[in-house]
Amino acid sequence: MKIVVLVKEVPDTYGDRKLNLETGLADRDAGERVLDEIGERSLEVALSYADANAGTEVVVLSMAPEASAATIRKGLAMGAASAVQVVDDALVGADLGLTAEVLAAAVKRTGFDLVITGNQSTDGSGGVIGAMIAEHVGVPHATALSAVEIGETQVSGTRATDAGNARVTAPLPAVISITEALPDARFPNFKGIMAAKKKPFETLSLSDLGVDAGVETTARSIMTAVSEKPPRSAGVKIVDEGDAGEKLAAYLIENRLA
Amino acid sequence: MTDFAADSILVHLDVLPSGELAKSAAGLVGAAASIGTPVALIVAPAEKHEALASAAAALGAPTVLVADLGAGDTALTVPFVDALVAACDLVQPDAVLVSNSIEGRDIAGRFAARTKRALSVDAVGVARDDEGVIAQHSVYGGAYNVSSAPTFGAYVVTVRQGAIDARAEAVASPVVTRLDVTPSGAPAATIDSFEEAVVASSRPELRGAGKVVAGGRGLASAEKFALVEQLADTLGAAIGASRAAVDAGYVPYSYQVGQTGVSVSPQLYVALGISGAIQHKAGMQTAKTIVAINKDGDAPIFEIADFGVVGDLFTVVPQLIAALEAKKA
Ligand SMILES: Cc1cc2nc3c(=O)[nH]c(=O)nc-3n(C[C@H](O)[C@H](O)[C@H](O)COP(=O)(O)OP(=O)(O)OC[C@H]3O[C@@H](n4cnc5c(N)ncnc54)[C@H](O)[C@@H]3O)c2cc1C
Ligand SMILES: Nc1ncnc2c1ncn2[C@@H]1O[C@H](COP(=O)(O)O)[C@@H](O)[C@H]1O
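Protein sequence lines correspond, in order, to chains A and B. Number 229 in numbering that gives the first Met the number 0 belongs to position 230 of the first sequence; there are no gaps in the numbering. Number 32 in numbering that gives the first Met the number 0 belongs to position 33 of the second sequence; there are no gaps in the numbering.
I should point out that these hints are in silico values taken from the structure, not numbers from a laboratory. Some clues are possibly wrong.
Facing chain B, according to a computed beta carbon distance under 8 Å, are these residues of chain A, among others [said to hold, decoys possible]:
id : residue
1  : Asn19
2  : Thr22
3  : Ser124
4  : Ala169
5  : Gly213
6  : Thr217
From the three backbone atoms N, C-alpha and C, an ideal C-beta is built for every residue, glycine too.
Please take these sequences and the hints and turn them into a complete structure.
Shown next as structure tokens:
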């Protein structure tokens, strides 16, 4: 079984996240950059299956600028067998369509029985990449899984939507996306970090993948305007002296909120 | 053969397992009407077509396309994508709007990939300029407003649930057309079973709610979370929660407000026992008025609260409820 896990480097959500107001692109220097938590959980799903099933190969795949290699390497330290990074200047500011095309070409090249993605990244929050890749490579998708059972020929899971919980099954090969209801990831240990240095790390360009980033043949989504909203400021703060509930009620009534 | 307006906007409307239109339908048709002529697409079992088409017309769709979904058709997403492809070929719309629900994103993603159209997700508004349809977004937790547009072709846009206030005028006699769909045969997952979520129907839905009362880890247990419900019911508010409250099992994940949960912009947001982590703020800081009760005076939630109470929520909230009920009586 070969499992490809899609991971993404994102700005640390605990820090400042900024958009450049001229280019509309994420300001990479504004804060720390980390492996997206949902990507780590996706990797955990793959690694726990590999722990229990000998002969499982786990590959981490990311489309990211060159400088992100160190972040992607964390996936190797956690236990993935190899990493693939797609790096190309033409991918700066890539929209969802181009991102999906590139990742689809990459998983096809790598080969897979199962692709695992996060349901939504913390920066893009697109939540469509998994389904788009499935369409491109012609396999089923099962997205937003809050529980996953991987079998030899199929993958099943619980899909939590607003309307309720569905049980879904897809024959392999397939693409799934998982939610943060699945367990937190393991930490890389010292042995893992040392071993990661010797693991295969492949870097691919768009020409390796045969993908054309041009805007002539395929419609792309482009940012046309970006503006920053003024930050919110604090209002009144009172310390409860036995009547805060009444004061709050008066505030709500006065402002016609109750 | 129906003629379609040159400024047609194709809207895919989600149908609930119960056979009704999803709540998102009103905003989608409203958004479409604000930039063109809505053409609604409904994919459902044939016996539901008539009722659903009337419902779509009541929301303002003058033209409704209905496509069959066999009762035995348990394929995930693909039948809806196939129908959308057929509808788009027929209508040649200026844009395609889909709900930013889990189902909607899958449909829009596959559709855009298959038909090589530009895709944009989680729009909080749509507009039109000389060059065509524009999608408006609120990103990084509402810190930035961003607009986007396709380089060419009809834009495929998923619209955030509850974000559109515009409503279209009801249409008395819609043109309803049955759509012929050629199955693509694309491999699909199957839905083996479905368990409907139990919802307290008397309470407003979190998305798009005018008022939200949210509880965090400070509620301490699922039993005590009932206090959040009591205040919500007194105010006529929807219920939300922090991730810590969801992780602790006080409420289901669908209640989670924040970066990896629901984004809300209500008139009033009341945060009870929530510290105000940056990921939580990302889902609620665009609320008009924010009220917080927290016993830690240094909790970051106070940095954005219009009215903050430093105190024990288990004493302040019952007093607040009593005062509000007394006013009502
Ligand atoms: C990638 C990522 C995504 C995330 N996404 C989200 C998200 O979508 N939504 C979200 O909410 N979080 C999210 N988080 C988690 C977030 O960082 C916080 O851990 C979480 O919001 C904390 O929840 P809390 O405020 O309820 O708990 P805590 O931070 O533990 O705060 C509890 C608060 O309750 C107060 N309190 C306790 N008892 C009382 C009492 N009796 N009376 C009054 N006050 C009391 C305490 O003073 C404290 O401030 C995410 C984290 C990551 C890394
Ligand atoms: N550039 C990328 N490289 C690798 N995986 C990605 C990339 N962008 C998105 N993904 C995957 O798609 C999921 C959803 O991302 P998003 O569409 O940004 O919400 C992520 O959790 C990743 O698994």
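Hints, verified against the model:
| no. | hint | result |
| --- | --- | --- |
| 1 | Asn19 | violated, 10 Å |
| 2 | Thr22 | violated, 12 Å |
| 3 | Ser124 | holds, 6 Å |
| 4 | Ala169 | holds, 4 Å |
| 5 | Gly213 | violated, 10 Å |
| 6 | Thr217 | holds, 5 Å |
When each numbered hint is compared with the structure, violations occur for hints 1, 2, 5.
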